[in-house]
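Build out the structure end to end from the sequences listed, making use of the hints.
There are 2 protein chains.
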Amino acid sequence: MSIQSLVRDLKTRNNSKIVMLVADGLGGLPVEPGGPTELEAARTPNLDALAKRGTQGSMYPIAPGITPGSGPGHLSLFGYDPVKHLIGRGALEATGVGFKLTSKDVAVRCNFCTLDAAGNIADRRAGRIPTEESAPLAVRLRQVVIPDVKIFVEPVKEHRFVVIFRGEGLGGNVADTDPQQTGVPPLDPIANDDASKRTAETAKRFIYQARKLLAAEPKANGLTMRGFSAAPSIGSYEDVYGLRAAAIAVYPMYKGLAQLVGMKVIGRPGTLEEEIDVLERAWADYDFFFVHFKYTDSRGEDGNFNAKVAMIEQFDAIVPRVMALKPTVLIVTGDHSTPARLASHSWHPVPVLLVADTCRPDGLTAFGEREAMRGGLGHIPGVYLMPLAMAHAERLAKFGA
Amino acid sequence: MSIQSLVRDLKTRNNSKIVMLVADGLGGLPVEPGGPTELEAARTPNLDALAKRGTQGSMYPIAPGITPGSGPGHLSLFGYDPVKHLIGRGALEATGVGFKLTSKDVAVRCNFCTLDAAGNIADRRAGRIPTEESAPLAVRLRQVVIPDVKIFVEPVKEHRFVVIFRGEGLGGNVADTDPQQTGVPPLDPIANDDASKRTAETAKRFIYQARKLLAAEPKANGLTMRGFSAAPSIGSYEDVYGLRAAAIAVYPMYKGLAQLVGMKVIGRPGTLEEEIDVLERAWADYDFFFVHFKYTDSRGEDGNFNAKVAMIEQFDAIVPRVMALKPTVLIVTGDHSTPARLASHSWHPVPVLLVADTCRPDGLTAFGEREAMRGGLGHIPGVYLMPLAMAHAERLAKFGA
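Chains A and B, in that order, give the protein sequences. Here the first sequence stands for residues 622 to 1022, where the numbers follow my numbering. Here the second sequence stands for residues 622 to 1022, where the numbers follow my numbering.
Hints may contain errors.
Remember, identical chains collapse to one label, so a pair may be satisfied in a single copy or spanning two.
List time: in silico DSBU-like cross-link candidates among lysine-lysine, alpha-carbon distance up to 30 Å [unchecked claim]:
#	residue 1	residue 2
1	Lys1019	Lys725
2	Lys673	Lys947
3	Lys778	Lys915
4	Lys778	Lys1019
Hints listed in this document are in silico derivations from the structure and should not be mistaken for laboratory results.
Printed below as a string of structure tokens:
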């Protein structure tokens, strides 16, 4: 029996409020040996004050050594085993543009490509055509008609778009059509199991019609398909936790991930301050709030240590507004580490700070990686954060007599 | 393969002695933010001296966030996965009055209730009649006779008693007969699976005869049944660990839990000092001793911080007598936390101290929650304590070549 099944069985309801503040890619590394990480270098008086009241821990989203993508990273924070509940690439791409997948959907990542006169791939990314040119082409593909299958085509960025097939009996196990090289034609979509034969057939018909619609394009006259995936079947926050959950995010990907677990995406904030505006306005209407801050990750990905430090300080600055709402439980963490030094996601654990009146103090006085390693939560998998939040919100009954 | 199966395969025998001292509900919380917990506030010179020799850890009986009942809490300490080996309510009640369940038993929690002239429940607890009145009524129900089923009836407290049906083919999956409301008759016992049909039929006959025996009672003229449960099937300490195990406890519940795993309950102590008398006298006859101290939990449940501190000091005072016996391995911990501040069991981890000549020192000098968080055992599930005890007792062979 998984920890999530236990929590599902033990959950109770009350008027408590839980806030999960996620600074994407929060964990970092020193630039110089022995130096501070981004979080340690940042001036974070508000988080440090909370560290004195709360309990810290060192959290690994998946397992020690495993670098998470955004999908698994967030699923772990939300309390879903990210290895069991794998979100396929297509489903993640669809989710990333805010598309709400149903159980009858198969989503596919598509690339526009350039085909030569012989039908061989000349450019796998259609010269990375700008989004302004590619988006109308993706919209044009909505003209494709296949009996008994509903088709959605959503532009993504540059040469990328996503196709969703909705219908009965569509399995998600179809091989990629991108041959990963030029000078050869795209592959046919081949079903890897019987349950996916209809999907492969549907994809073949889609490609046939799409190529007619794109035939006159100078660059984007073909397409390849990758990452066929059915929507993950996953219990909602209401089912699992009995929580009315709201998600506040700027970027579509994180809104989509929250929707996958049944959170309601609220507001249309463009900045962190606006996200907190949304939080304040919706405070009475939900039990749980996921607030996502993107730019700690972005500056980490840029490899810009100082810019990431500045983003962490900006994140720290909104903490008093959150605390003024008097959440029963506040969790501050990230979905993974993104050390500027590596300019990418990494496997390093993420510091986590849990604040509640029922915290056992761990004697720490600042929020940071070195502190978190010695924190009272220990070194824990991310899937335990929601059970801990539920416990501190006194929303879990005793297990056994 | 579970850790317990590994230990079962690797166990060896020698003359070592293991003592597990359990201060029930040991873990606590500060009253004032940043203040000491009960254990930290207590003067515990003997435990602190042991902390210098031993290794501490922060132990969660079930999983982070999960508050254990006494049953799962102790099973975890004894090394049995408490989620896999769930003890049903009826079995726990029988165990709690010291009844020794066999594999042919189904135990049921029963309430005396008051029925009106129409047979509807007027009072679900028979006016909470005092134990002096209810116990003889429970004993009277031993007159019930059902062919091929042996019946045991044990008084518990006030309106509560427990019935055990012993026979072949008695499944434990029968629905409660308590309708959880007044003004309606008790429900019939209904089997939820084929294997429990005979149990439901037996229960029906028991109720029929019992009502005749109780008909003239002014308050307790009826009964309801809840928590039908078969005895859990669980390996004994001898099977799993190769240990001749003794349990020393004052309260029936803990004696019962120890009996479930095949420990021999020894002595009839009434105080902690008398428990240690029993320990001293039985020292030569067993390999493992579980010594249970109840009052740390009781004072925690009362919400009385200072009284719990006093109980911890009383617990500390017997430590020299235990150490004088020169146990190979001593484990000091609790089955869960019971912070006086919450006046209930809680999900917070429990400090654990393991003392053996083979301990790797962790540099700590006092026993307490803040120390335990930084201890050499790390943050570990309770089921690892017995494997660690076995290892330090040099009772486990190498795994693999």
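Verification of the hints:
1. When the C-alpha separation of lysine 1019 and lysine 725 is checked against a cutoff of 30 Å, the pair qualifies only between copies, where the shortest distance is 29 Å, while the shortest distance within a copy is 38 Å.
2. For a Cα distance limit of 30 Å, the shortest separation of lysine 673 from lysine 947 inside one copy, 17 Å, qualifies, whereas the shortest one across copies, 41 Å, does not.
3. For the homomeric pair lysine 778 and lysine 915, the shortest alpha-carbon distance inside one copy (18 Å) is at most 30 Å, but the shortest distance between copies (59 Å) is not.
4. Within a single copy, lysine 778 and lysine 1019 get their C-alpha atoms only as close as 49 Å, which misses the 30 Å cut-off; across copies the closest is 22 Å, which meets it.
In summary, this structure violates none of the numbered hints.
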